[in-house]
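Let the sequences and hints guide you as you build the complete structure.
Number of protein chains: 4
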Amino acid sequence: MKNLLKSIVENSKEYTKEGKVASYIPELSKANRDALGICVVTLDGKEYFAGDFEEKFTVQSISKVVSLMLAILENGKKNVFSKVGMEPTGDSFNSIMSLEVKNPQKPFNPMINAGAIVTTSLITGDSSEEKIENILSFTRKITDNKEIGINEEVYMSEKLTGNRNRALAYFMKSNGHIDGDVEEILDVYFKQCAMEINCRDIARIGAVLANDGVLPWSGERVISRETSRIVKTIMVTCGMYDASGEFAVHIGIPAKSGVGGGIMASVPRRMGIGVYGPSLDSKGNSIGGIKILQELSEELDLSIF
Amino acid sequence: MKNLLKSIVENSKEYTKEGKVASYIPELSKANRDALGICVVTLDGKEYFAGDFEEKFTVQSISKVVSLMLAILENGKKNVFSKVGMEPTGDSFNSIMSLEVKNPQKPFNPMINAGAIVTTSLITGDSSEEKIENILSFTRKITDNKEIGINEEVYMSEKLTGNRNRALAYFMKSNGHIDGDVEEILDVYFKQCAMEINCRDIARIGAVLANDGVLPWSGERVISRETSRIVKTIMVTCGMYDASGEFAVHIGIPAKSGVGGGIMASVPRRMGIGVYGPSLDSKGNSIGGIKILQELSEELDLSIF
Amino acid sequence: MKNLLKSIVENSKEYTKEGKVASYIPELSKANRDALGICVVTLDGKEYFAGDFEEKFTVQSISKVVSLMLAILENGKKNVFSKVGMEPTGDSFNSIMSLEVKNPQKPFNPMINAGAIVTTSLITGDSSEEKIENILSFTRKITDNKEIGINEEVYMSEKLTGNRNRALAYFMKSNGHIDGDVEEILDVYFKQCAMEINCRDIARIGAVLANDGVLPWSGERVISRETSRIVKTIMVTCGMYDASGEFAVHIGIPAKSGVGGGIMASVPRRMGIGVYGPSLDSKGNSIGGIKILQELSEELDLSIF
Amino acid sequence: MKNLLKSIVENSKEYTKEGKVASYIPELSKANRDALGICVVTLDGKEYFAGDFEEKFTVQSISKVVSLMLAILENGKKNVFSKVGMEPTGDSFNSIMSLEVKNPQKPFNPMINAGAIVTTSLITGDSSEEKIENILSFTRKITDNKEIGINEEVYMSEKLTGNRNRALAYFMKSNGHIDGDVEEILDVYFKQCAMEINCRDIARIGAVLANDGVLPWSGERVISRETSRIVKTIMVTCGMYDASGEFAVHIGIPAKSGVGGGIMASVPRRMGIGVYGPSLDSKGNSIGGIKILQELSEELDLSIF
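Chains as they are written, first to last, in our numbering: chain R, 1 to 305; chain W, 1001 to 1305; chain B, 2001 to 2305; chain X, 3001 to 3305.
The set of hints was computed from the structure by calculation and includes no laboratory data. Worth double-checking, as some hints may not be accurate.
Okay, derived cross-link-like pairs now, DSBU-like style, lysine-lysine, Cα gap no bigger than 30 Å in a straight line [to be verified]:
1. X:Lys3013 x R:Lys77
2. X:Lys3106 x W:Lys1106
3. W:Lys1106 x B:Lys2020
4. B:Lys2159 x B:Lys2141
5. X:Lys3283 x B:Lys2106
6. X:Lys3283 x R:Lys77
7. R:Lys20 x X:Lys3077
8. W:Lys1078 x B:Lys2020
Just so it is clear, the structure is predicted and the values come from calculations on it, not from any experiment.
Below, the structure is given as structure tokens:
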């Protein structure tokens, strides 16, 4: 496995030159475009690495999966999905028009920004500090990594430039889609996006989902089998921004990407995978990361279809 | 004239029962649904009244005309219309979708909320206090009424419930359509909407526009003839929310309505008209006010078409 | 007047180089880009010309005004406006999205293609031949020109390439917005757009509207004063495609343009104007024609605002 | 298995009363609302039945899967997906707005009507007769049923009332998204939707897909493994109209429904399933059919997630 990963990372390196590091948040543009790494965590707890697997990056949209798991854990499936849907949408991740044009009772799904802001608004805690501590603590548990914290520069950068997310949140507030103080909810949201992780951390999250909600390293159940299945399903239909359909067809693994360059993937009953490569394609997905996952899926026949 | 106005107000009274007082801002719902009044100011400065012409109400969207006049005065036509368009739109006044779907360089016109927020952002002043003082002072001048102030309850009510306007403003901020601090701009905007006026005040504004920018009572020019014409034209195409086309066809007078129940109308080279009736139709226009203007237009042949 | 027109045409010539002849219908692309002409018809029946005023061109969207006049004459205002609205829209002339997104009971207005197809569907006649004869006969009457006929090459060209209009018509058929056979209605519509006219013809139509529905050359009333006013109002709010607002602000005359290069304008109680210049701006309006109207409006103070 | 199917059909019967038979095509409204049946075909070719499994119905949108398989077989994956995308969309199946609003290079996916019309346009044949014969012949092969033909009443009914599909097709013609004669393409499309099948037929199609493109009853390969995977993936993300996400979460099997009341499902490497129940929910999916699949999926642990 180790050699396979090493050779796949090598093969995928050349593609990083075709993409661009995210620039909409100034802090993200400082990433090293050529970095590329992978970690695989199998269900017996073994871990395999290659490339820049120890490089830290911010979790960004991959945190939408974490907050969804936690929100269901704390509120129940029924309550969460009364506030946010589970249907894919052809809109881009930060689109606002569907909230008005289609006038839905709730945002389409928890992987677009509007839906993720709703999910975050459901996390328990008496203050925004308590809420983000709650998310951090859950993230540390499912990554078995007590060191995970927030990158303050990225958080401040998101907060300063997050006006599109403010527009989404105030629109939903005006429609009654979210309760609570908008700026507080956004503060938690910006912080959860700025959690700093590496390939291993997200590979472990993928492994927990692959293992139907049980931590492979301890046997402890953290979420139900049903929640685990729901989350993987939504990752397939909505996890890769507006390239989700293409990713499902070509690679066929539940996955969630973030503009920090990470992709967290979960092969049901087999393994969790974390890849990192901050050079992004036009849809906002790691260009090298997708190449790695495609080759790995073909080599190990990982498609669920 | 006085008898004509009196009989028209009487004739229009019955229609007030078919509408509803605005309720989206809690404070507005306290208005007396049956109130109805009119004031006409001719270009020689004569003033005629009937009905509840002295009842005070908040100016609401009629302030969009005032801030447009002032913004052009301070910044020039070219600068203002580089930031906001002059095309009518079939969207409702608080719509956000066109900002994304049609991705325009600027909001469609200064009479929809998005455009009016841009106009307000262009008013000069070193602080939000100075800006609203600037607007108040200009309003007092074109109404010849030094008493005009802000209804604090309505302002607070708008501020508390103005999340749709926040969504519009943050969306435009994220697209670079507005400069400056969003909450400060909105604060000025909420205050300008909460200016308290009566029929006479808006009739005088209409008379200034009808008189090509010269105050009828003093002969002083406050805005250019061209600005005056621009403003009246935009009132025709966009002044009555998404009933502007129908109003133009049936009544044919440049006019601007507000959900406080006022309609300010300007008959070029003839007169300014202010009507008040807080009972609104489904488009947000004063139901009795429209009836009054329709009968008056027919009686005095006021249509410009 | 004659000298004024001549000098204005001269001044406007240079602008024709900045535009392009319409090419979406292949036949239209054969027009001479530099042609430019004008005709003015006053209410006492006097006619003044300059430039290429005798050059023939197809009426295109200006026919929407003719079919609207005729449809109201035959069906009454109430029936017509139960099928098509009178509100301006920020959409482009051939847009289909609003029919679905806003799901209106009827197309927004008779100047966008969807609305004009509805208007044409209301013209009386037992067959498409009778209907187009009906339109031709009415057009000949209001232009006092018995020679007006259909340019068969343009008609065939429109029919062959009119798939966007077919999409609009079948969409409205599926929603119940239009009755009757879609291909027959479209056949009449394509033919009415292919009527061949010159500047004088459209200047006369403008003069009939300016004269409140009475033919200036014979004193015969063809449409009511009210219909005449309705038509002029809709020309102001919707006549110049999505540049209607700007045209109203800068020129202030009810007008309707066509991609054949014509603009028909009507100054209430003063004159009708026809201009021709097939070089179009990006909105589909005659670029030289707009310059001519702007200069003429300023020289003679024609704005209604 | 037989007893399991029987009891599941019994349990699901009560739900048929909550839905409605399709009525937008008059012929469909004649179906028996209470009918409910199932057929399961395993990869060793065994077939199990329960309920009204022999009742015939029209295939409707399930034919979109058949024409997609055939179009890829004849044109190659690359050519097909250069003309139609593979992304899910939150729009309803017959939506036209995205073709204009998002102005994509191609319709979003082959399961919405716009995309399916494109797929059909790619089927080879010198005439519409040859094309539909081609589709029929392929359908007979993958169902091992030489009797499959077209229900002429339903076909005529679709043709007469198919104006929304005409609108979609002419819109795409005007944008260059489809080649060829629109009415001919629609004729083939209406006929493919009117193919008459029963539960067994669609269960066999599901089994071919589950078997990676090899006919279970003969071992003959009809489509490649890759095509088979692509088709199943698109069924997951887009197969159940705008309830695809919810179906994936709750049931987790690639499936495609039709308004005739059928659902064709394919459990990778395990079985094909056909269910029939013409009582539909508000999204257009068989209400009893979904209940059957949900219970079966739970009983046999069929979810791929």
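Hint check:
For the proposed pair X:Lys3013 and R:Lys77, the alpha carbon gap of about 27 Å is at most 30 Å, so the pair holds. As the CA atoms of X:Lys3106 and W:Lys1106 are separated by approximately 28 Å, the hinted pair is consistent with the 30 Å bound. Distance check on the hinted pair: W:Lys1106 and B:Lys2020 sit about 26 Å apart at the alpha-carbon level, within 30 Å; holds. A hinted pair counts as satisfied when its Cα atoms are at most 30 Å apart, and B:Lys2159 with B:Lys2141 qualifies at roughly 26 Å.
Taking the CA atoms of X:Lys3283 and B:Lys2106, the gap is near 25 Å; set against the 30 Å cutoff, the hint holds. Simply put, X:Lys3283 and R:Lys77 have alpha-carbon atoms about 22 Å apart, close enough for the 30 Å limit, and the pair holds. This hinted pair checks out: R:Lys20 and X:Lys3077 have alpha carbons roughly 28 Å apart, not beyond 30 Å. For the suggested pair W:Lys1078 and B:Lys2020, the alpha carbons sit about 26 Å apart, so the restraint of at most 30 Å is met.
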